[in-house]
Every structure is written in structure tokens, then in C-alpha cells.
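**Q** If you want the building blocks of each chain, they are given just below.
Number of protein chains: 2
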Amino acid sequence: MHCEVICIGTEILLGTTLNTNLSFIGLQLDDCGLSVACEVCIPDTVDDIGSALQTALNRSDLVITVGGLGPTVDDMTRETIAAILGMRLEYREDEAERIRRYFSERHVEMPESVLKQAYVPDGAEVIDNDYGTAPGLWCLSGNAVVVMLPGPPRELKPMLNNYVLPRICERFPPRVRRINIGISGIGESSIEDCVATVLPDFPDLEVAYCVRRDKVDVRLTAAIDRVDTLESAAVAVRGVLKEYLVDSEHGVVGSVCDEVRRRSWSLGTAESCTGGEIAKRITDLAGVSDIFKGALVTYANEAKSELLGVRPETLATHGSVSAETADEMAVGLVRRLQVDAGVAVTGIAGPDGGTPDKPVGLAFISTIVQGDVRTQRYVHPGDRRRMRDRTTLAALNQLLRHLRES
Amino acid sequence: MHCEVICIGTEILLGTTLNTNLSFIGLQLDDCGLSVACEVCIPDTVDDIGSALQTALNRSDLVITVGGLGPTVDDMTRETIAAILGMRLEYREDEAERIRRYFSERHVEMPESVLKQAYVPDGAEVIDNDYGTAPGLWCLSGNAVVVMLPGPPRELKPMLNNYVLPRICERFPPRVRRINIGISGIGESSIEDCVATVLPDFPDLEVAYCVRRDKVDVRLTAAIDRVDTLESAAVAVRGVLKEYLVDSEHGVVGSVCDEVRRRSWSLGTAESCTGGEIAKRITDLAGVSDIFKGALVTYANEAKSELLGVRPETLATHGSVSAETADEMAVGLVRRLQVDAGVAVTGIAGPDGGTPDKPVGLAFISTIVQGDVRTQRYVHPGDRRRMRDRTTLAALNQLLRHLRES
Numbered sequence: 043m044h045c046e047v048i049c050i051g052t053e054i055l056l057g058t059t060l061n062t063n064l065s066f067i068g069l070q071l072d073d074c075g076l077s078v079a080c081e082v083c084i085p086d087t088v089d090d091i092g093s094a095l096q097t098a099l100n101r102s103d104l105v106i107t108v109g110g111l112g113p114t115v116d117d118m119t120r121e122t123i124a125a126i127l128g129m130r131l132e133y134r135e136d137e138a139e140r141i142r143r144y145f146s147e148r149h150v151e152m153p154e155s156v157l158k159q160a161y162v163p164d165g166a167e168v169i170d171n172d173y174g175t176a177p178g179l180w181c182l183s184g185n186a187v188v189v190m191l192p193g194p195p196r197e198l199k200p201m202l203n204n205y206v207l208p209r210i211c212e213r214f215p216p217r218v219r220r221i222n223i224g225i226s227g228i229g230e231s232s233i234e235d236c237v238a239t240v241l242p243d244f245p246d247l248e249v250a251y252c253v254r255r256d257k258v259d260v261r262l263t264a265a266i267d268r269v270d271t272l273e274s275a276a277v278a279v280r281g282v283l284k285e286y287l288v289d290s291e292h293g294v295v296g297s298v299c300d301e302v303r304r305r306s307w308s309l310g311t312a313e314s315c316t317g318g319e320i321a322k323r324i325t326d327l328a329g330v331s332d333i334f335k336g337a338l339v340t341y342a343n344e345a346k347s348e349l350l351g352v353r354p355e356t357l358a359t360h361g362s363v364s365a366e367t368a369d370e371m372a373v374g375l376v377r378r379l380q381v382d383a384g385v386a387v388t389g390i391a392g393p394d395g396g397t398p399d400k401p402v403g404l405a406f407i408s409t410i411v412q413g414d415v416r417t418q419r420y421v422h423p424g425d426r427r428r429m430r431d432r433t434t435l436a437a438l439n440q441l442l443r444h445l446r447e448s
Numbered sequence: 043m044h045c046e047v048i049c050i051g052t053e054i055l056l057g058t059t060l061n062t063n064l065s066f067i068g069l070q071l072d073d074c075g076l077s078v079a080c081e082v083c084i085p086d087t088v089d090d091i092g093s094a095l096q097t098a099l100n101r102s103d104l105v106i107t108v109g110g111l112g113p114t115v116d117d118m119t120r121e122t123i124a125a126i127l128g129m130r131l132e133y134r135e136d137e138a139e140r141i142r143r144y145f146s147e148r149h150v151e152m153p154e155s156v157l158k159q160a161y162v163p164d165g166a167e168v169i170d171n172d173y174g175t176a177p178g179l180w181c182l183s184g185n186a187v188v189v190m191l192p193g194p195p196r197e198l199k200p201m202l203n204n205y206v207l208p209r210i211c212e213r214f215p216p217r218v219r220r221i222n223i224g225i226s227g228i229g230e231s232s233i234e235d236c237v238a239t240v241l242p243d244f245p246d247l248e249v250a251y252c253v254r255r256d257k258v259d260v261r262l263t264a265a266i267d268r269v270d271t272l273e274s275a276a277v278a279v280r281g282v283l284k285e286y287l288v289d290s291e292h293g294v295v296g297s298v299c300d301e302v303r304r305r306s307w308s309l310g311t312a313e314s315c316t317g318g319e320i321a322k323r324i325t326d327l328a329g330v331s332d333i334f335k336g337a338l339v340t341y342a343n344e345a346k347s348e349l350l351g352v353r354p355e356t357l358a359t360h361g362s363v364s365a366e367t368a369d370e371m372a373v374g375l376v377r378r379l380q381v382d383a384g385v386a387v388t389g390i391a392g393p394d395g396g397t398p399d400k401p402v403g404l405a406f407i408s409t410i411v412q413g414d415v416r417t418q419r420y421v422h423p424g425d426r427r428r429m430r431d432r433t434t435l436a437a438l439n440q441l442l443r444h445l446r447e448s
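Quick mapping for you: the protein sequence lines, in order, are chains A and B. Sequential numbering from 43 applies to the first sequence in this note's numbering. Sequential numbering from 43 applies to the second sequence in this note's numbering.
Each hint should be verified, as a subset may be incorrect.
Unchecked claim - No farther apart than 25 Å at their CA atoms in a straight line, the calculated lysine to any residue pairs in the SDA-like style are these:
| hint | chain 1 | residue 1 | chain 2 | residue 2 |
| --- | --- | --- | --- | --- |
| 1 | B | Lys158 | B | Arg196 |
| 2 | A | Lys400 | A | Gln412 |
| 3 | A | Lys400 | A | Ser448 |
| 4 | B | Lys199 | B | Trp307 |
| 5 | B | Lys400 | A | Tyr251 |
| 6 | A | Lys199 | B | Asp172 |
| 7 | A | Lys400 | B | Gly361 |
| 8 | B | Lys400 | A | Lys158 |
| 9 | B | Lys158 | A | Tyr251 |
What the hints assert, rightly or not - Some residues of chain B that are not near chain A, with every Cβ distance over 12 Å (derived):
| hint | residue |
| --- | --- |
| 10 | Gly57 |
| 11 | Asp72 |
| 12 | Glu121 |
| 13 | Leu131 |
| 14 | Ser146 |
| 15 | Tyr173 |
| 16 | Val240 |
| 17 | Asp259 |
| 18 | Ser306 |
| 19 | Leu309 |
| 20 | Asp326 |
| 21 | Glu344 |
| 22 | Leu357 |
| 23 | Leu379 |
| 24 | Asp425 |
Calculated directly from the structure, the hints in this document are not laboratory data. Here a beta-carbon is modelled for each residue, glycine too, at the ideal position from N, C-alpha and C.
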């Protein structure tokens, strides 16, 4: 099955909009055992849309277009594609009604121009949009399917997951089944070594390693008639990597919160070089108010002393970036916030501030679980953003390990 | 000038890697008055690379390829493109030496396979890579230019800015010049109204409004022989939007830090629903340790009382999401951290926790500057991520306004 994605939007080529939709579509199709063979991004013009669709139809079974379904003059996907597929646009009163209701429910006046979105190519199926006014469209062209989706991610995502993917899997039954197993806190080659110890038991299985932002997914793939093998292999891989398994949706931060919640404990952070990033990642998750009490971001040395009780002698003797300071930050965090578990981080994010002894990228991380403190030294070179990102991940991983061993 | 970008990498189509390079290239070219006409993303196969390049060469003056220049077996951009352009690969001892030096300077053992990157198509110019081992390549094919760049953003970005863009502008002199003026804290249509009052003085000027994550760029474009007009227009637009101007590189957070720094003041935050995101944004900027003392992330009510001194009566009477609580958080922040300026935020990020009186999206923001407190109410509907993002931006904007009026 050859699937092509056409992203329509001058703003993506201008660079003002990051194309997150392609990544989302790729991941969702991959989970179903399907894949995107090619993507094209073009401006919102009739000529560009027309020629990209013609090219795609010549080689694809499935074409997904993204964007250009809105009400403004530069939205011309619907009209252009209908013309190419030889479909007439019909004004659909039920769609117009849905759009009117969308505005009245939000007590917002409806500009007449949005009713342009009530025109539907004859023969097309409408894909409901619960988060916006532009409906998606499912059209047939010979043996190929053309699916048109709106560009805003919060509209596209539920439409793809709830409506489009099930339809795609029905029409193009995947020949393989996949299971992704999220792993964090261990290097890619060590993961490979662990997996290699169990793999010989499962021939006909394909294994891949996908490095994501905060985990590595071990991706197991088997033919659709070998689902039993696939599931047994997943059990074996999970067993051999037990201590490094993380939440498949929320990664290591999700697993940390699970461990804390399952013990009815509370959680806090004390951060210097990460500047609040660990707390931000934790509170990215909805519903953490039952376990997360708060964070003390002590960027200045005086804040480390005043808020966390780090002793001025410790700062003077060992420096603010030291195992001793990280230790005292962790102890102070627990005393101050009265939490059962926490993590304290101090480091040099750069680009300035490094010395031969304490280079940019150096960090000390102390985790504390029910009074037990563990401190580790890390060096994460690279630019400031990368250092902070990797230090945040290291802090969450060290805390997860500590929680699991407590 | 027709420019096409070819992104080579199965990981982008799989969705595990977000294509940030396209956005970066688009923004940089746009600043020079050039634009990307089309982008194609393909897997790392000889056939896909070959056919994408052939198609691009038939219609483009400039083709930029991204990715596939590394040392592994699935990196085949260099070999494939050299074959299509009829160029022989030559082993370059100077390049091999550079690669060896790269490893020895980092005290890392060099795998022999990386020397594959020392092969250069004859006639191609090498583009130095200061952050990795794969050199970029600049090749001619008839009148067209083909530029090959490595995929990792920290390698691509400096190569594009320092070497490729100047060469592109020399070969394809832009016919227009652009100035972007960053504006925040005022709606797009109000910006348009303000700009409209000065525009009649500057005919032959093109104006566009680009909505970015934390600002709107007013983009002024003029023919290359009208640079004087362009600069006068920029002065006029800056004048009429003076109070909403923000740092062109770092947006509103950069301007907040500038205002604090220029008075030799100090800064802190007190955050509930934003969970540390404001502090994270501030510390994303390098060199803020001279002004930023820290943050108190008080997610739980008890933390608001214990750390910030919010009175239990205030929480009981008005609730944790109220103007009164935001006020007391701001006052407590200054008392605790001894800062000259700060911002306190409390709100309901959702998806749960809303009531008819206090819906999801509601936030109260108090800014405090030298003891003067100002509090405003906001409602930012949408999902949790969007609410937190927009509340963070509102907090920074309110603080910037308050600082500028102090």
C-alpha cells in the first residue's frame, strides 16, 4: 500500500509553522503497521495543489491532504481537488446547520464566509470535526482514496484517530502487526544486547529501535497471522528490560508519577540549571495535582541558601555545582515542601560559566526517596537547550530508578 | 528563483523525528527575501533520492538536500547525487585529516567507517561542519545549484547561516529586502489598524503579518532599490507600535529580561497552573543568572501558604484560582525571594477542574514591580498545552507592560 501525504500551506514553507501533522500521521500509521512513502509540502495555490495531487494519484493507493479547508480566500483544497476528481460541489444544509450550531454554542457571531465549508463534493463522505468548522472529506478516485483533513493539529488529530485510521485499516488491511515497548535510562546498544538474549526464541519477528525524545521504542513487527508470537515476544522483551520500562504514552515522566501515585506519596523538585523544566514536564501531565506539590527553582546562590537551606560554607567550599550542593538541595526540598520523593539538580547549562574542572554540561543530580539520598554526576555536552533537555531526562530516570528500588 | 528542499530520512516519515530543518531553512531564506517553493520528504533509498532530485532539477534553480550524509549504510545521499550529476567521488586526504582531528580532539576512538565522509564529488565545494563529521557539499548542475547539508539541526543551522546563505544571496541576488518587526501583547487586527495609520506614506511596500509562537512579526518587504523607503517605514511602524515592540530574536521574554537588566533589578516567578513554564522560558535564555533569582512553583494549596504566605482564609473564601490569591502570591514572592519584579499565576489548565463560575482556561495573573501590584483576569480556552502556553505568554506580556510603565 503506497500512501502519500500532501501538506498544503505557505506558512510551512515560510517556516512560521512547524509541520507537526506529518509526524503525527507517520506515528499513527506506523502503529497500525502502515507507513507514509512520501510527503510533499506546497503553497496554497490551485496549480500547486493540482499538480501535487495528479502526481500522487499516479503512484498511490492513499493520498492524505492536510490544510486549505478553511473559510478564507487562500483555502482552496476542497474546490481544487473536487475539480480534479470530477466531483461537483453540493451545498449541504446539514453541514451548514452544524457550522451555525458550532458558533451559536460558543456565543460567537458567525461570519457568512464560513458557510463555504458546507460545500461537499458529491459522493464524498464527510468526516466530522468536533474541534472546528471545516469538515474532513473521504473521496474515492478509481481504486485510490483521497482523504482531506484540516491543518490545525487539534482538529486533525481526533479526526485521524477516531474516523480516518479505522477506515484506512478496513480498506487496506495491514499485513503486519506492531508492538512498541518504551525504554528509558539505558543506552541503545545495551537495549539491543538485552533484546538479543531473548530474540532467538522468536523467529519471523522484525525488531527496530526508534529513538524518541525521552525514550527508545523497541518496535516489534510480525506478520498479521503471527500475532501470538508477537505477543509472547513482547512479554519476553518486557521481562528482560523490566527495570527500564516506561509509560508508552507519557514516557519516563508518566512512570515517575505512576510510581509516586501508587504509594500515595507526594513529589517535588529543586532546580537550578534546568530552571523549572522538570516541574514543567511533570505538570504537562493532566491530573498530577494529587501528587505534585511544587518546585523550588533556585537559580541564584542566595536562593539556594534562603529557600533550600544550602549552607553558605558548602557553596564556598565545593561550589554551587557540586555533589554536596545537590545533596543539600534535595534534603532542603523535602524539609521545605514536606514531600516523600523529590529530585534536585545543579549544573552548568552554558554556553558560558564552564571551567577545566567543571565544564559546560556538568550536572549533579540528587534524588531523595523517604529520606534516602542518592547523588550522581553527569556530563551532557552540546548546546544549552540540549544540555537542559538531557539533564531533565537524566533527573527523571534517576528518580524512577530510585523509586523502583525503594 | 525556484528553490526546492528535499528532506531525506525515513525517520521523518515514520514520525519519530520532527522536521524542524524545513522551518529553519524557510525562515532564513525568507529573511533574505527568498522563499522555498516546494518541499519533498522521502526515505533513504537510492531510487527515492534519485527520482526526487531529477524532478527537482527539472524545475528548480536551487535544490537543498537535507540528511543522508552520515557514515552508516543507510546514508546514501552523497553517492546517489554524485552519480546523477555525473561526478566522480574522490578521497580527500585533507577531509580525512579533519575527521580524524574531530575525534582525537574529543578523545573518542574513530570508527573506520566515518572516513566514508572524506569522499567528495569532483568539482564540488566542501562546506565546513564545525559540529560534526559530515561535510556539506555545494555542486553545480548546469545552471542549477545543488546544496547537500547534514540532517542534525545543530550541524545544519550554522552551516546554512555562515556559509550557504551568503553564497545563495551572491548567486541569486534577492530582488526584495525584508524587515521583520516583532510585536506582542496586542491582537493581530489591532496591529493591522495601527500599521494602517502610517502605511499610506509608503507606497510600493508590501506588508504581511506572520503569527509566531510568542509574537506577531510585521513583515515589511520592498524592492531592493527601495531600501530607504523600507527603513523609513520600519521606523514609522516601530513608532506607532512602540509599547508592543519585543526583542526580534527572543520575543517577549527577551524584552522582559532587557527591561529588568537595564535597571539592574532582579526577577522571580510564582507559578501554579503554569507549573514552572515561565521560569523555564526565562532560563532558556543564556546569561540570565545576573537577573533571575528563581521561582516558587506552588502547585498544591499548602505550598501556596507555606512558601508564599497565601492566607488560608483567602484560599477558603476566594479559592486558589482568584485575583486575591494571585495578589498574595505576588506579594509573597517578593518577600520570599527579595526580587524587584515578578509575576504570579494561578489558573485552571484542565481538562478537569472547571466549574460554571471558574471554567477551564481561567487564570489570574498578578505582576509586581517595586511593590506595585497589578492583577488581571484571563480566559484561554483550548487544551491543556495551549492554555498553559497562552497563559505563560500573557504573564510575560503583562509583566513587560508593567515594567515599561514603571
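**Q** Examine each Cβ of chain A, and state whether all of them lie more than 12 Å from the Cβ of Glu121(B).
**A** The claim holds: Glu121(B) sits with its nearest Cβ about 21 Å from chain A, beyond 12 Å.
**Q** Going by Cβ atoms, does Leu357(B) stay more than 12 Å from chain A at every point?
**A** holds (14 Å)
**Q** Is it true that the CA of Lys158(B) sits at most 25 Å from the CA of Tyr251(A)?
**A** holds (24 Å)
**Q** So Asp326(B) supposedly isn't at the interface. Is its beta-carbon more than 12 Å from every beta-carbon in chain A?
**A** The assertion about Asp326(B) is violated, with a minimum of 7 Å to chain A.
**Q** Leu309(B): least C-beta distance to chain A exceeds 12 Å?
**A** violated (10 Å)
**Q** Please settle this one: Leu379(B) was flagged as non-interface, so is its CB more than 12 Å from every CB on chain A?
**A** The claim is violated: Leu379(B) sits with its nearest Cβ about 6 Å from chain A, within 12 Å.
**Q** A cut-off of 12 Å on Cβ-Cβ distance, and Glu344(B) was said to be off the interface with chain A. Does that hold?
**A** For Glu344(B), whose nearest Cβ neighbour in chain A is about 7 Å away, the distance does not exceed 12 Å, so it is violated.
**Q** Any Cβ of chain A at or closer than 12 Å to Ser146(B), or is the non-interface label fine?
**A** Given a closest Cβ separation of 16 Å, the condition holds.
**Q** Quick check for students: does the CB of Ser306(B) sit more than 12 Å from each CB in chain A?
**A** holds (14 Å)
**Q** Is the Cβ of Tyr173(B) farther than 12 Å from every Cβ of chain A?
**A** violated (9 Å)
**Q** Quickly compare the C-alpha distance for Lys400(A) and Gly361(B) to 25 Å and report which way the hint goes.
**A** violated (46 Å)
**Q** Regarding the assertion that Asp425(B) does not contact chain A, is the least Cβ-Cβ distance greater than 12 Å?
**A** violated (6 Å)
Violated hints for the displayed structure, listed by number in ascending order: 2, 3, 4, 5, 6, 7, 8, 10, 11, 15, 17, 19, 20, 21, 23 and 24.
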